[in-house]
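Protein chains in written order, with my numbering: chain A, 409 to 793; chain B, 409 to 793; chain C, 409 to 793; chain D, 409 to 793.
Hints are supplied without guarantee of correctness; some may be wrong.
It does not matter which identical chain is meant; a pair holds if it fits inside one copy or across any two.
Claimed, not checked - Derived DSS-like pairs: lysine-lysine, alpha-carbon spacing no greater than 27 angstroms straight-line: (1) Lys531 - Lys755; (2) Lys641 - Lys567; (3) Lys681 - Lys755; (4) Lys412 - Lys478; (5) Lys681 - Lys590; (6) Lys755 - Lys505; (7) Lys641 - Lys681; (8) Lys687 - Lys674; (9) Lys674 - Lys651.
No lab work stands behind these hints, which were simulated from the structure alone.
Quick caveat, the model's predicted, so the values are computed rather than measured.
Number of protein chains: 4
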Amino acid sequence: MSKKLKYGMVGGSLDAFIGEVHRKAAALDSKFSLVAGAFSSSPDKSKKTGEALGIDPNRTYGSYKEMMEKESQLPEDERIDVVSIVTPNHVHFDPAKMALEHGFHVIIDKPLAFSTQEARDLKEVVDDTGLVLALTHTYTGYPMVKEAKEYVREGKLGKIRQVYVEYPQGWLSVPLEEEGNKQASWRTDPERSGAGGSIGDIGTHAANLAEYVTGLNITHICADINTKVEGRKLDDNAAALLKFEDGATGVLMVSQIATGEENDIKVRVYGEKAGVEWKQSDQNTLLYKPLEGPHQIIRAGTGYLSDLAQANTRTPAGHPEGYLEAFANIYVAFHQAVVDHQSGEYKSASDYDFPDVVDGIRGMVFVDTMIESSKSETKWTPIEL
Amino acid sequence: MSKKLKYGMVGGSLDAFIGEVHRKAAALDSKFSLVAGAFSSSPDKSKKTGEALGIDPNRTYGSYKEMMEKESQLPEDERIDVVSIVTPNHVHFDPAKMALEHGFHVIIDKPLAFSTQEARDLKEVVDDTGLVLALTHTYTGYPMVKEAKEYVREGKLGKIRQVYVEYPQGWLSVPLEEEGNKQASWRTDPERSGAGGSIGDIGTHAANLAEYVTGLNITHICADINTKVEGRKLDDNAAALLKFEDGATGVLMVSQIATGEENDIKVRVYGEKAGVEWKQSDQNTLLYKPLEGPHQIIRAGTGYLSDLAQANTRTPAGHPEGYLEAFANIYVAFHQAVVDHQSGEYKSASDYDFPDVVDGIRGMVFVDTMIESSKSETKWTPIEL
Amino acid sequence: MSKKLKYGMVGGSLDAFIGEVHRKAAALDSKFSLVAGAFSSSPDKSKKTGEALGIDPNRTYGSYKEMMEKESQLPEDERIDVVSIVTPNHVHFDPAKMALEHGFHVIIDKPLAFSTQEARDLKEVVDDTGLVLALTHTYTGYPMVKEAKEYVREGKLGKIRQVYVEYPQGWLSVPLEEEGNKQASWRTDPERSGAGGSIGDIGTHAANLAEYVTGLNITHICADINTKVEGRKLDDNAAALLKFEDGATGVLMVSQIATGEENDIKVRVYGEKAGVEWKQSDQNTLLYKPLEGPHQIIRAGTGYLSDLAQANTRTPAGHPEGYLEAFANIYVAFHQAVVDHQSGEYKSASDYDFPDVVDGIRGMVFVDTMIESSKSETKWTPIEL
Amino acid sequence: MSKKLKYGMVGGSLDAFIGEVHRKAAALDSKFSLVAGAFSSSPDKSKKTGEALGIDPNRTYGSYKEMMEKESQLPEDERIDVVSIVTPNHVHFDPAKMALEHGFHVIIDKPLAFSTQEARDLKEVVDDTGLVLALTHTYTGYPMVKEAKEYVREGKLGKIRQVYVEYPQGWLSVPLEEEGNKQASWRTDPERSGAGGSIGDIGTHAANLAEYVTGLNITHICADINTKVEGRKLDDNAAALLKFEDGATGVLMVSQIATGEENDIKVRVYGEKAGVEWKQSDQNTLLYKPLEGPHQIIRAGTGYLSDLAQANTRTPAGHPEGYLEAFANIYVAFHQAVVDHQSGEYKSASDYDFPDVVDGIRGMVFVDTMIESSKSETKWTPIEL
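Could you build all of it, start to finish, from the sequences and the hints given here?
Here it is as structure tokens:
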């Protein structure tokens, strides 16, 4: 096992959701130590979170600015290597930029930024500093998603013809944001979430998953975006027809008002020679559907998987791994990149199997294009990077 | 059990698929006797089919015209009551019209006709003769589809917000029509199938299912239709964004090049208060997903179902019924209408739970609108009945 | 299609369950015509049933004795070919014997008889008359059960090591027999059901399924039989350890007090080279689990199946067939045997793929041995045919 | 979050399986720090493992004896609080006893010891020292297993009637132990594994799961134990009829030669009022099957769960948690007990929801009784604690 990296966290106070997910993902494989944090814009809340997490009080900061400044002045073997950013979307760009500029590698929850402009600007900082930035598009961390990607890459599906990707949730079927639900409040608030509601929160995941598995970029979108819950300020339901490179077509469906649905992101890809299907509710299975012969149940943890899938599994088949492990797989890949960077071997994020700043820009442009298309009376709107 | 009806069949020679399905569906509940037939445009083939089916050779006819004429001259208690039409689409209108004009009730495989004009003309004949015409949109014959409809009707879902309907098949992933496959040949031939390929063959089923369950008509379509297999003359893949009455939106996906897929038509409907999900691969289950509390597995054959669902099941829960039973349910409902007609109690097809000539016109207009929308650069195309 | 056979039914009045199942199974493929019946021990009920079924009133008889006598005096081309016996267990032997002695072939619901002695006696009558007798152990009629059998026969599993067979039902979790439920009443009454409750009603199905698929006979039983519902006169729950020929071992579980369970008979067989799994709740799937490589989802209606499985399916993959079709498959096989008998080509029931009188005796001995074992303090009780 | 505990590990070198599972489970929730270890009986291997794990070389010990002695001499705030024992079964008792005698709390992989005598002796040490000992029967760590237990405890099932528990694996279908597979070698070696093969390795899990969920002890066993792979020294397949307290009966099935099976431990419990079903392959679901009305799909992470189940879940419904999280749940409960012990509030392991030394003894006695029963010609063998 290689060097344990020290990290500081921006956001993730005790009542947040995704911050604790990041902490568990980072902890699972013992490759990261949480040693610092600016856990909240409220210094008091930050302090209490730091205490609860057993962080040295001297390294629980009142603001991320303070954290960047103070940590960068610590001796090299003491200070943090990495900053993990888990704030709402409108507080992504500033701390990420600042972290990079202070020499820290960055891992950041998606979407990359509040706006596409911010995302593009952030890419410049990444390029200028040469540091590592990873974006936690969780679902591409699942081993069977990686296996699906490998199937496509190896040509088992032949030329891709049709893609269905969906992400139905039901938790926003009622106006939770009016009942003080913290998760609902910022996600439905354009001041904190950005231009997209469901399309930003989960639509970007769906688009990223489809592009990751197929290896094809979406080129055109024909979208219908709705706000189904009265009074809501952002979209909560969307669907789009898609065109991909190379003549593939597809459908994207995301909803946060699909009453009763949990979180079942699912992708189906059909090529000339076979189809594959993966869904989070049966996360350790990839269904492989060849043109001839029976469907096969490809399972995580088995010996017949690709190296990539095997490297992203911790236990033998039948020991279910889930969401936190998928998340941790991104942390592990990011860890490798940072360690390589520290030893001078790092060249580019694209050499590693984690979503990077380019994926982040794609996600922001996806949101913009969905909105533009939905407003347009013309059928197809191109995605312009 | 009420009177057994006598029927003659148009089409359905021994090498056809859907003719034998109709025969089994008609036979299952012992409500119909097959006593006559014009099973093929080839008199020899017709004769051989009649022999194999044990039909009186005098009533195996060389053409449907002959059947109509000769049967109508038989004494009332001998001649057929009903004509079942199971030919390819281009031979739907003529025999249906002729049957009605000779006083026979008609049950006809979908789509109703070769063109929308034919469909409209046929409605006039139905209206003029006052006879019964049923269309075998099989999937609405499933008891759990009926239960879904009842859930919507009773308000268990509240106002409908979003609908997903899909019908993925993979059997046309290769150009079977070039290999002499009879089923593939006529379905991909515009001269026999009409303007629609996959959208006519299975898209009409999907649209009909969505409208049946929700009780809402589709009002606008934004479609993308493709022909993925080179050289094929009709579409084999399509997707559409949908608008329904009352503000509901939806997505329709049909494909015959979804490699490896069998025949898994599926519908999901989400309302303000709950969602429901049904799919043919688990045909005896309706998933009910309320806003609060656990999902429920609603099962065919149980005592807690609606009267409508119970009336369309033959066995207790756990004794799987399937496609042929769903098909037979349409025959049973049609039987009741005909018997009522014979006793003077029949008023309108809409009093019975089977697809009728109006559904048939809707299906034809759906196909036209899909094609028009796909060619249009404007996003939304209205459905104009 | 070969000759349509005429049959008369014993039992199966309108309020019975299995009689109507037999009628639908016989009707589905248009190979049988119901032309006579003694549908109830109450002549009035019999008459009403005959009327409802559209039977010639002259051939609706007040007793099965009358039916046998009168039918056998009809001209050969008018009289019934076959008697279908669907009465409770205590009225199996007499009508079966009488039917055979009057020259009629017999198809009979399981179990074969009220007692093992009756079953043995009936075999003698079958042997003496040389007529065809089929027993409707429904579950072996499923195409994927037949495919499982073929997998074993072809050696795909290697030597069989372990078998699990289970049949959990919940409908007798409460004393329905005290509430006037007709199905519960006779099944829990030793005067009508025989020595076994759940072990006779469904245990015989489970044992038959295990033996059919493996091709191995059960040789020893170690059983625990219980009556869980207070006051019930017969067993409603049982389990047994099994020894098969050739060193295979197994477990059999049957229950009618498995609260909430429907009817999910399931068999799993493990050999040196692979395992297979089939269950009625997913009746068109056989899971094939080889030693190496992914599990395969073997599906009814596909082109890669054995001839035997293909011959027992009516529709392409994805068009679910179920319980009635499985039942009908037994009628079809029986039809072939009778037709062969009539043309002089029939030799032995074992040449056909339907359960026969020998399977019936095995079922009765199974029940006896289960009871004997359950009472014994010794672990293993041999099955003695 | 409360105090982070320091622990040392016995066993768990880099090529072991369960040691790494323990490390990840301990790390996930940031409640434990691995600071010491005697990772192998080979000091060199231990040293290399310690290096790879980033352990202070001074605290990577050549033997567990050395670890206990040296650690106990460190200052209280430096030395380990807890010892985690992950060695093969024959090296459980000695390090556990030694750890307790040096004042360390113990968490130990199952089975508790090599023999029942060792297990009983260990209980005495636990009683004498008053320290905390937890046993990692993983499956009871799953939130939906806990929910099942709560359903039974709250009376939702009524009086329990029938229990089915099964644990089928296929990985030992071939003699892997002859091919140098480390996991297979010690598990099939009576010198390292103890008297039981499959019954010890996985049978104890199955028995523990059944007893945990029902709250009922198994009182009598009627077992059939086999060794199906020629030349194997321990059993690889077993089944048993069970009697529980209070008149419940059951069946236990375990196999390591169920070819193709992964690791799908499953339990079904049927009471007078309802049944429940849980299986590891769908670990976040509990099926609840009431006497009347539809089955319910009870899901981890939902708001309607019991406090116990909610406390053992980290993410909202639809974010799958798995085996490592279930394992971690045991570590979390153990952590609470140790922290309480350190603050003087600990009374008894039975106040916490983790398997303890009494469960460990039950497991050992289960193995002994299975073996005794299998050898016996008498049907029932009592479990004598």
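Going down the list of hints, with the structure as the test:
In this assembly of identical chains, the alpha carbons of Lys531 and Lys755 lie at most 27 angstroms apart only when taken from the same copy (15 angstroms versus 57 angstroms across copies). Proximity of Lys641 to Lys567 under the C-alpha cut-off of 27 angstroms is restricted to the inter-copy arrangement: shortest distance 20 angstroms between copies versus 41 angstroms within a copy. Proximity of Lys681 and Lys755 under a CA criterion of 27 angstroms is satisfied in neither setting, with 36 angstroms inside one chain copy and 48 angstroms between copies. For a Cα distance limit of 27 angstroms, the shortest separation of Lys412 from Lys478 qualifies both inside one copy, at 21 angstroms, and across copies, at 26 angstroms.
In this assembly of identical chains, Lys681 and Lys590 lie within 27 angstroms of each other by CA distance solely across copies; the values are 22 angstroms between and 46 angstroms within a copy. In this assembly of identical chains, Lys755 and Lys505 lie within 27 angstroms of each other by CA distance solely inside one copy; the values are 20 angstroms within and 52 angstroms between copies. Proximity of Lys641 to Lys681 under the C-alpha cut-off of 27 angstroms is restricted to the inter-copy arrangement: shortest distance 21 angstroms between copies versus 44 angstroms within a copy. In this assembly of identical chains, Lys687 and Lys674 lie within 27 angstroms of each other by CA distance both inside one copy and across copies; the values are 4 angstroms within and 16 angstroms between.
In this homomeric assembly, Lys674 and Lys651 come within 27 angstroms of each other (Cα to Cα) both inside a single copy, at 18 angstroms, and across copies, at 24 angstroms.
Violated hint for the displayed structure: number 3, the only one.
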